[in-house]
Amino acid sequence: MLTDREIHRYSRQITFIGEEGQERLKAAHVVLAGAGGLGCPAATYLAVAGVGRLTIIDSDRVEMTNLNRQILHWEQDIGRNKTVSAKEKLGAMNPDLFIEDICEVITGQNASALIGEAALIIDALDNFPARYALNQAALEHGIPVIHGAVSGYDGHITTIIPGETACLQCIFPDPPGGSEFPIIGTTAGIIGLMQAHEAIKFLTGRGTLLKNRLLIWDGRDSSVTFLNLERDPVCRACGECAQGPGSERGDL
Amino acid sequence: MKIMVRAFARFREVVGDVTALDLPVGSGLPAVLAALASRSDESRDLLFDEQGMIREHIIFMVNRKRVSRSAMDSIILAEGDEVAIYPPVAGG
Numbered sequence: 000m001l002t003d004r005e006i007h008r009y010s011r012q013i014t015f016i017g018e019e020g021q022e023r024l025k026a027a028h029v030v031l032a033g034a035g036g037l038g039c040p041a042a043t044y045l046a047v048a049g050v051g052r053l054t055i056i057d058s059d060r061v062e063m064t065n066l067n068r069q070i071l072h073w074e075q076d077i078g079r080n081k082t083v084s085a086k087e088k089l090g091a092m093n094p095d096l097f098i099e100d101i102c103e104v105i106t107g108q109n110a111s112a113l114i115g116e117a118a119l120i121i122d123a124l125d126n127f128p129a130r131y132a133l134n135q136a137a138l139e140h141g142i143p144v145i146h147g148a149v150s151g152y153d154g155h156i157t158t159i160i161p162g163e164t165a166c167l168q169c170i171f172p173d174p175p176g177g178s179e180f181p182i183i184g185t186t187a188g189i190i191g192l193m194q195a196h197e198a199i200k201f202l203t204g205r206g207t208l209l210k211n212r213l214l215i216w217d218g219r220d221s222s223v224t225f226l227n228l229e230r231d232p233v234c235r236a237c238g239e240c241a242q243g244p245g246s247e248r249g250d251l
Numbered sequence: 000m001k002i003m004v005r006a007f008a009r010f011r012e013v014v015g016d017v018t019a020l021d022l023p024v025g026s027g028l029p030a031v032l033a034a035l036a037s038r039s040d041e042s043r044d045l046l047f048d049e050q051g052m053i054r055e056h057i058i059f060m061v062n063r064k065r066v067s068r069s070a071m072d073s074i075i076l077a078e079g080d081e082v083a084i085y086p087p088v089a090g091g
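Chains as they are written, first to last, in numbering that gives the first Met the number 0: chain L, 0 to 251; chain D, 0 to 91.
Any given hint might turn out to be false.
[Stated by the list, open to error] Quick partial rundown of chain L residues pointing at chain D, CB under 7 angstroms, derived from the structure:
#: 1; residue: F15
#: 2; residue: G36
#: 3; residue: V149
#: 4; residue: D153
#: 5; residue: D173
#: 6; residue: F180
#: 7; residue: I215
#: 8; residue: G218
The set of hints was computed from the structure by calculation and includes no laboratory data.
Quick caveat, the model's predicted, so the values are computed rather than measured.
Each residue gets a CB set at the ideal place from its N, CA and C atoms; glycine is no exception.
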């Protein structure tokens, strides 16, 4: 049930998604995996849209080199946990938002417990080992994941529905190499915002999701291309012979 | 026969947006990759590792349909086919 204050605060979007849509956002528990370049813009727009509960998971501390893109972290935050920094800013933006901050690395051992009973997961991580662990846990719990990744001027996003669409390991059976990527802040902003947009569509039930479609953003000429995806019957994570948690890359 | 190659992300910077290759009839994906790799050291390094194996993480598509790694050698291309190459990004 929305309060009068909430009806007023969200009036410009309630005329679009209705009070029912707003109530769905309020009732939603979203896990944000990563509070970096993708996570900051995604969390910002989910917070101001009125999502009720956000669990932010990130093990890093804010560094000076993060500040070209990680817009929830400021100069004053250097050295602080990203989860604490993000929680502080998001709480100030929307005091009605319930935020849990978890300063941990996502692994095959803890991913399942970390995501709990969330309605939706935003994969805003910066490495594939953790993404695979998150994917495996999401498959086990049947929780949809909105996956995004970026580098330089390039980015991509897709929505993974367990049992229905290709999972992360169907799409990317082998992890791209590298650990530190060049990045223009706007690329992370664009893909992070697309993730928040996809989340709002999913939670309100309005619009068409990026299911079995990989949206590829090319910032060089601001072009968008779609690659059609399909489940891999021999996928190590969700295929017929999948070995479940603790196997292969899930055991990280 | 003419094969169109669409490159994405980092690979687009190296070989250009759309490239037309003229290959012998009956060529497959290995011939496409060999032709692209011969263009520059950078192109070869993006496609192949130090042992000369195709880099595992790259996504290949023929006429917008994903090609599994096991099918890479068996596909025979036809005049006008489009091969798309996407080296996925990973950062966040």
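These are the hints, each one checked on the structure:
no.: 1; hint: F15; result: violated, 29 angstroms
no.: 2; hint: G36; result: holds, 6 angstroms
no.: 3; hint: V149; result: holds, 5 angstroms
no.: 4; hint: D153; result: holds, 4 angstroms
no.: 5; hint: D173; result: holds, 4 angstroms
no.: 6; hint: F180; result: holds, 4 angstroms
no.: 7; hint: I215; result: holds, 6 angstroms
no.: 8; hint: G218; result: violated, 10 angstroms
Checked against the numbered hints above, the structure violates hints 1 and 8; every other hint is satisfied.
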